[in-house]
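Protein chains in written order, with our numbering: chain D, 1 to 105; chain U, 1 to 472; chain S, 1 to 476.
Hints were generated in silico from the structure; no laboratory data involved.
Nothing here was measured: the structure is a model prediction, and the numbers come from that model.
Be careful, since some hints might not be right.
As the list claims (entries may be wrong) - Below, a list of computed lysine to any residue pairs in the SDA-like style, where the Cα atoms sit at most 20 angstroms apart: (1) S:K126 / D:A89; (2) S:K126 / D:H93; (3) S:K79 / U:D366; (4) S:K79 / U:E334; (5) S:K126 / D:V90; (6) S:K126 / D:D79; (7) S:K126 / D:D81; (8) S:K126 / D:L78; (9) S:K79 / D:H20; (10) S:K19 / S:V36; (11) S:K19 / U:P231; (12) U:K408 / D:E30; (13) S:K126 / S:A29; (14) U:K408 / D:R39; (15) U:K408 / D:H44; (16) S:K126 / U:E334; (17) S:K453 / S:L471; (18) S:K79 / U:Y365; (19) S:K19 / D:P76; (20) S:K79 / D:H17; (21) S:K126 / D:R99; (22) S:K19 / D:E73; (23) S:K19 / D:R75; (24) S:K126 / D:A87; (25) S:K19 / D:L78; (26) S:K461 / S:A386; (27) S:K460 / S:A422; (28) S:K126 / D:R80; (29) S:K126 / D:D92; (30) S:K465 / S:R475; (31) U:K408 / D:Q37; (32) S:K126 / D:P88; (33) S:K465 / S:G448; (34) S:K453 / S:A423; (35) S:K79 / U:A370; (36) S:K79 / D:P58; (37) S:K19 / D:A71; (38) S:K461 / S:T387; (39) S:K19 / D:V68.
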Amino acid sequence: MSDERVTSSLSRDDVVHVAHLARLDLTDEEVELFTAQLRTVLDHAADVASLDLSHLEPSSHPIALENVLRADEPRPSLDRDEVLAAAPAVEDHRFRVPRIGAEAP
Amino acid sequence: MTTAVSLAAEVRSGARSARDVTDEALAAVAANDDRFHSFLDVMEDEARAQADAVDAAVAAGRDPGPLAGVPVALKDNLCTRGFATTCGSRILEGWRPPYDATVVEALRRAGAVAVGKTNMDEFAMGSSTENSAFGPTRNPRCTEKVPGGSSGGSAAAVAAGFAPLGLGSDTGGSIRQPAALCGVVGMKPTYGRVSRYGLVAFASSLDQIGPFATTVEDAALLYDAIAGHDPMDSTSLPSTPEPTLPSIGEGVEGIRIGLCRDLVDGCAADVAARVHEAADALAAAGAKVEEVSVPEFSYGLSAYYLIAPAEASSNLARYDGVRYGLRVDGADVEAMNTATRTAGFGAEVKRRVMLGTYALSAGYYDAYYAQAQRVRTLVMQAFDRAYDSYDVLLGATAPTTAFDLGAKVDDPMAMYMNDVCTIPSNLSGHPAISVPFGTGEDGLPVGVQVLAPALGEAMLFRVARVVEAHAP
Amino acid sequence: MSEWETVIGLEVHSELATKTKLFCGCRNAFGDEPNVNICPTCIGLPGALPVLNEQAVELAMRIGASLHCDIRPSVFARKNYFYPDQAKDYQISQYDLPLNVDGWLDLPDGFRVGVTRAHMEEDTGKLTHVGASGRINAADHALVDYNRSGVPLVEIVSEPDMRTSAQARAYASELRGILVASGASDGRMEEGSMRVDANVSVRPAGSREFGTRCEIKNLNSLRSLGRAIDYEVARQIALLESGGVVAQETRHWDESAGRTEALRSKEEANDYRYFPEPDLVPLAPDAAWQDRVRSSLGPMPADRRATLVAALGGDPSAAEVDQINAVVDLGLDGLVNAASDAGAPASLALVRAANEVAAQSEAGSRLDAGAFASLLAMEAGGTLSATQSKAVLGALLERGGGDPAAVAKEMGFEAMAAGSLAAVVDEVVAANPGEWARFVDGDDKLMGFFTGKVMEATAKKANGKDVAAELRRRRG
Ligand SMILES: [Mg+2]
Ligand SMILES: [Zn+2]
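Only chain D is shown next, with the shape it has when bound in the complex (with noise of 0.2 angstroms):
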């Protein structure tokens, strides 16, 4: 294990700047107390971020399965109706949005 930590260098701006990658509205308030508390998770975590684990591979399921496959075979589609039906918005048969402000990336 090595010793330097790593503190949290999370800023106001990062804050902001994840907020509008989450589709998230933030009053200044609540910017604030975001900074503070998300700080205070990640001083928490720098425990875990100066470890040295490079020996290790990251693992991201609990119990490691391979190859897992479905048959190319159909089945049956959900009733379009149904599913429109809790739709907030529709039209000819489609979901309805505002208009796109961007092309995709």
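With chain D held as given, fit chains U and S with the ligands onto it using these hints.
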């Protein structure tokens, strides 16, 4: 109250009708749940229809299933076809899924009767059920206290006697910790043993559905009914599970038990004392009990609070106001997405979504997310070493007994600390169970946790049964 | 402009010809009613989970093998960004561990283009912008159809090896042929089952490092691919020569205006926060599966062109090279091979296939090779004239087959018995004594005259060669 095992026996034998049992449960909820708010919504008609179907099967001499007529409380993050499923969030208020979760189908096949959807921390993010958008649940043992969380509604419903069985989901302790605080049995199976299809995701690599019950035997009965392979879940384990009920009474003679200091020492003195009593009881019952230390567990909490929010930040992106649930309009799509999510999510969800987004964002991925996944490997290896010497591990479920409503809502880190003893099993995907074992100095329930290696459910229940038998 | 060198790399998205989508059992179909092929998984309902389609993996491996890629253990990842055609607001794709890596593709002229990777991912839903003639920027609102959401794609990324728009067109065209030949896709650009994006930059000739590149989207045909690259190269050179700099950006090809335009795209959209998809497990096709895929592959377009060249007896003419490319492109080479195997001259089969049959490639793909072969045999044997043979071929194509001899008879093309020809010649000679005398004296110009008279008298049923032979025999 009557156990699920005896209720099912009575219904199967025709001594009692499922409809009678169901009506009694529905009446009890109607009469008393305003004190606890364990249910968000009661499935009156669906429950009666299912009960009548069970009675019809009995009358026709068909097998009504191992859970015949037994009322079950469902956490509100389990999809129920045509019946509101909200995850305790405004953003899904009134949403009726067009499909049933695999576990909900399994319950129906087993003859169980789902009586309602229970309260929970929003999207299962919390340890007190105070993060529900629809108001908190109160602990039936003391209504000034929290029931724990995030499955606090199911734990309270079982503790209050509304239903002998409940289902919850456990991502960092969300079944075991509320079970401990409410004085009931709560168990998290091996990751992949119970299908997640139809469980609204919080953190996909950690979430696992499991049972609440008043006895270990009832928990095993419910577990056996929901465990199994599901082709709709790629992480579902392919093997067919052995039923655990048949071997549940085999005792602990010769079983090697590691009393894990790291899951006891940090806890309140009265909780730690109960765990040591349980260890002594197991030794007296013939188990080989030793103290063991697994220091790597101390990194679990930090790793968990990076991995779970990271996965959640992606899992919760779909709540964008386009296809279902809440929409708050805006000038363009991005404004609509933002207005919808800002109005639809509560503070804790926003906090974790931002934390997870940050942990995954450019420049921080390796330092936070990838590093946390390495810690996960570290914890798994530590478990493997411990299980070379022991069949199961023993510890506390939660560091304290139930705390006051509102005591920790403004201090996220203090709230997160509730999960310190339960998180290691989520990181490793191993099964673990919380068994009520006496009370603390405040007279509130204490839970003792038994941990087993992957697929060690049968052993887990055997040991838990002995702990239960010696509970003060 | 000779002092500038163009550098082109292509990203091609190909839909896979599966029955169902990549992660769910909904039908993978083009042109259905909106939102009829949707389920909890492909519209991102809470609680739904993905399960990988085995046939999609098989087809992705076929593409990799056809492009000489290494097939590697791979992992699916989530690419996170908000967009309404993205049902989960993340795309399941492959990031740092793609299925196919390090391959190549040889253009018909032998130029080799490196293939960096060919990875699996899911398609998005289809957006319709309503108002302002469907242009995104001024539209009033938009509609989403998720039938295409979750359709399996393979994204094939080339090395920046191409230097001209012609090479880029040849690459796209050759790749299309390979996708079809491997059975992975129908390769229909007009239906969007093959979509091409071009990364274009210029640099001073001889310079080592790359210039700043622009990515051009919305290239719906090989023609627009070529035009867009030529326009973009000119634009970048003009910019640089006027002292400007090229901005790295995504540009949209406007086919009608004939130019590329910068897209309004979100700056932070580049922070995709990729991480391994926890709802899926790693994909690692074993050696046996890889061998099965490799051995099941049929001949690729290059092999099929070689077969035709060989059938022609080597070094084909420029015209024949074009005919060979066209025939292989349309998948009519089987017809040509069958005909020449059955004894018909390969060159004749190639010409007819590249022209008459290609003209109706729909019907041509259904044409019975045996019928085609025996028709060409009749023409080669002189039983039918070229004109008659083409007429019969037309009829066969219309009917999708039939017995050429019967069709020819029915069209009144049955060859004339030698005896009856002699009789007609007698009549013609008797009717034109003066001309006959001069012909016999050696006035060859009259050969055409008499041939015409005989044809007239036989309503063109006579075979030109036979008539000429008969006339010479008489002249002695
Ligand atoms: Mg892509
Ligand atoms: Zn689907």
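Checked hints:
As the CA atoms of K126 of chain S and A89 of chain D are separated by approximately 16 angstroms, the hinted pair is consistent with the 20 angstroms bound. A distance of roughly 13 angstroms separates the Cα atoms of K126 of chain S and H93 of chain D; the hinted pair therefore holds under the 20 angstroms criterion. Proposed proximity of K79 of chain S and D366 of chain U is supported: the alpha carbons are some 16 angstroms apart, at most 20 angstroms. Taken as a hint, the K79 of chain S and E334 of chain U pair is honoured in the structure, with Cα atoms around 18 angstroms apart against an allowance of 20 angstroms.
At roughly 15 angstroms between alpha-carbon atoms, K126 of chain S and V90 of chain D fall within 20 angstroms of each other, so this suggested pair holds. Of the pairs offered as hints, the one joining K126 of chain S and D79 of chain D holds, with about 19 angstroms between alpha carbons and a cut-off of 20 angstroms not exceeded. Pair hint K126 of chain S plus D81 of chain D holds up; C-alpha atoms about 19 angstroms apart against a cutoff of 20 angstroms. With a C-alpha separation of about 18 angstroms, the suggested pair K126 of chain S and L78 of chain D falls inside the 20 angstroms cut-off, and the hint holds.
Using a Cα cut-off of 20 angstroms, the hinted pair K79 of chain S and H20 of chain D holds, with the two alpha carbons roughly 17 angstroms apart. Simply put, K19 of chain S and V36 of chain S have alpha-carbon atoms about 15 angstroms apart, close enough for the 20 angstroms limit, and the pair holds. For the hint linking K19 of chain S to P231 of chain U, the alpha-carbon distance of about 19 angstroms falls within 20 angstroms, and the restraint holds. A distance of roughly 18 angstroms separates the Cα atoms of K408 of chain U and E30 of chain D; the hinted pair therefore holds under the 20 angstroms criterion.
Between K126 of chain S and A29 of chain S the alpha-carbon distance is near 13 angstroms, which keeps this suggested pair within the 20 angstroms criterion. In summary, the hint linking K408 of chain U to R39 of chain D is supported, as the alpha carbons are separated by about 18 angstroms, within the 20 angstroms threshold. Distance restraint check for K408 of chain U and H44 of chain D: the Cα-Cα separation of roughly 17 angstroms lies within the 20 angstroms cut-off, and the hinted pair is therefore satisfied. Proposed proximity of K126 of chain S and E334 of chain U is supported: the alpha carbons are some 18 angstroms apart, at most 20 angstroms.
Pair hint K453 of chain S plus L471 of chain S holds up; C-alpha atoms about 12 angstroms apart against a cutoff of 20 angstroms. Distance check on the hinted pair: K79 of chain S and Y365 of chain U sit about 14 angstroms apart at the alpha-carbon level, within 20 angstroms; holds. Under the criterion of a C-alpha separation no larger than 20 angstroms, the hint pairing K19 of chain S with P76 of chain D is consistent with the structure, at around 13 angstroms. For a cut-off of 20 angstroms, the pair hint linking K79 of chain S to H17 of chain D stands: about 18 angstroms separates their Cα positions.
Between K126 of chain S and R99 of chain D, the direct Cα distance comes to roughly 15 angstroms. Compliance with the 20 angstroms bound is thereby established for this hinted pair. At most 20 angstroms may separate the alpha-carbon atoms for a hinted pair to count; K19 of chain S and E73 of chain D meet this at roughly 7 angstroms. Pair hint K19 of chain S plus R75 of chain D holds up; C-alpha atoms about 10 angstroms apart against a cutoff of 20 angstroms. Proximity of K126 of chain S to A87 of chain D is assessed by CA-CA distance (about 17 angstroms); at most 20 angstroms being required, the pair is judged to hold.
Proximity of K19 of chain S to L78 of chain D is assessed by CA-CA distance (about 17 angstroms); at most 20 angstroms being required, the pair is judged to hold. With a C-alpha separation of about 12 angstroms, the suggested pair K461 of chain S and A386 of chain S falls inside the 20 angstroms cut-off, and the hint holds. Note on K460 of chain S and A422 of chain S: the hinted pairing holds, with a Cα-Cα distance of about 15 angstroms set against a maximum of 20 angstroms. Between K126 of chain S and R80 of chain D, the direct Cα distance comes to roughly 16 angstroms. Compliance with the 20 angstroms bound is thereby established for this hinted pair.
Note on K126 of chain S and D92 of chain D: the hinted pairing holds, with a Cα-Cα distance of about 14 angstroms set against a maximum of 20 angstroms. Distance check on the hinted pair: K465 of chain S and R475 of chain S sit about 16 angstroms apart at the alpha-carbon level, within 20 angstroms; holds. A threshold of 20 angstroms between alpha carbons decides the hint, and for K408 of chain U with Q37 of chain D the separation of about 13 angstroms falls inside it, so the pair holds. In summary, the hint linking K126 of chain S to P88 of chain D is supported, as the alpha carbons are separated by about 18 angstroms, within the 20 angstroms threshold.
Proposed proximity of K465 of chain S and G448 of chain S is supported: the alpha carbons are some 12 angstroms apart, at most 20 angstroms. For the hint linking K453 of chain S to A423 of chain S, the alpha-carbon distance of about 13 angstroms falls within 20 angstroms, and the restraint holds. A threshold of 20 angstroms between alpha carbons decides the hint, and for K79 of chain S with A370 of chain U the separation of about 16 angstroms falls inside it, so the pair holds. Of the pairs offered as hints, the one joining K79 of chain S and P58 of chain D holds, with about 19 angstroms between alpha carbons and a cut-off of 20 angstroms not exceeded.
Restraint check for K19 of chain S and A71 of chain D: satisfied, since their Cα atoms lie roughly 10 angstroms apart, inside the 20 angstroms limit. A distance of roughly 11 angstroms separates the Cα atoms of K461 of chain S and T387 of chain S; the hinted pair therefore holds under the 20 angstroms criterion. For the proposed pair K19 of chain S and V68 of chain D, the alpha carbon gap of about 18 angstroms is at most 20 angstroms, so the pair holds.
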